[in-house]
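Participant: Sequence lines, in order, name chains A and B.
Mapping of the first sequence onto our numbering: residues 1 to 133, in sequence order.
Mapping of the second sequence onto our numbering: residues 1 to 145, in sequence order.
Everything hinted at is true.
These stretches of chain A come out as covered by chain B in the derived footprint (C-beta under 8 Å, 3 or more residues):
hint	stretch
1	35-45
2	93-105
3	108-114
4	117-126
No wet-lab data here; the hints were simulated from the structure.
For every residue, glycine included, the Cβ atom is placed at its ideal position computed from N, Cα and C.
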Amino acid sequence: MAINFDKALGIYEDTLLIREKRAEILSQNLANADTPGYKARDLDFKSLINQALEMKSAPNMNRTSAGHMSTAEALASDSSLLYRTPMQPSIDGNTVDTDIEMAQFAKNTMDFQASLTFLQSRFRGLKGALKGE
Amino acid sequence: MSINAIFDVAGSAMSAQSVRLNTVASNLANANSAASSIDETYRARHPVFAPILQNAMGDGISDDPASQAGGGVQVLGIVESDAPLDQRYEPNNPLADEDGYVYYPNVNVVEEMTDMISASRSFQINVQMMESAKTMAQKVLALGN
Chain A
1 MAINFDKALG IYEDTLLIRE KRAEILSQNL ANADTPGYKA RDLDFKSLIN
51 QALEMKSAPN MNRTSAGHMS TAEALASDSS LLYRTPMQPS IDGNTVDTDI
101 EMAQFAKNTM DFQASLTFLQ SRFRGLKGAL KGE
Chain B
1 MSINAIFDVA GSAMSAQSVR LNTVASNLAN ANSAASSIDE TYRARHPVFA
51 PILQNAMGDG ISDDPASQAG GGVQVLGIVE SDAPLDQRYE PNNPLADEDG
101 YVYYPNVNVV EEMTDMISAS RSFQINVQMM ESAKTMAQKV LALGN
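Put together the whole structure using the sequences plus the hints.
Facilitator: This is the structure in structure tokens:
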């Protein structure tokens, strides 16, 4: 019964990647809050995590198409990026709502730290197993 | 690591907002600088913001969403306002022309004040964002301890 990092770390590795990417996208939205014509972007956490779960549950599946991507690849390809529907569109075509973006950014930071804590506990578990405590 | 990208993005936004604040300061400082001809008169200045495109292929206005994924902000340039100047009849002013007119800048003080508030708020938001990114990066570095 060998220790397998992939199994031990579970889904938290992927959630951390997604949270990190989302923080970057939300920061771009906030940075462009005053840029005329800028369209706010976001990514769909649910669909990305479902994709990652499917890959984890069927590890022996073969990749037969370039569209079958790991979480890291999907995040890098930009195909997972969506446009936000503006609540109060402004006259210069900018769809960034600073309040919404700021709240989402704060929430995302919290979620990131939660994932990190889970990952931390997994490492603690591995360490405990290795030391036989 | 995308957390490092946040520092670049927030940094570019902070520098863009400081350029904006700089133009506001310049406009407000010169709001009452009279001149004797239209050409010499100070005109209100405003920065033009545009997103930095990460993979700017071609014109950057294509329909491909991948090429529109924004990075930070850049200031494309500073434009001078075309609004009409304020012409006043002040024959006693040493700067008056032959007809007794002096020209005042087309700076709208109310507009500049709101611009100033908006710029400083946006700056604050970016500082907060950087703070969060810093915390996130520190937590990641401490992982596994």
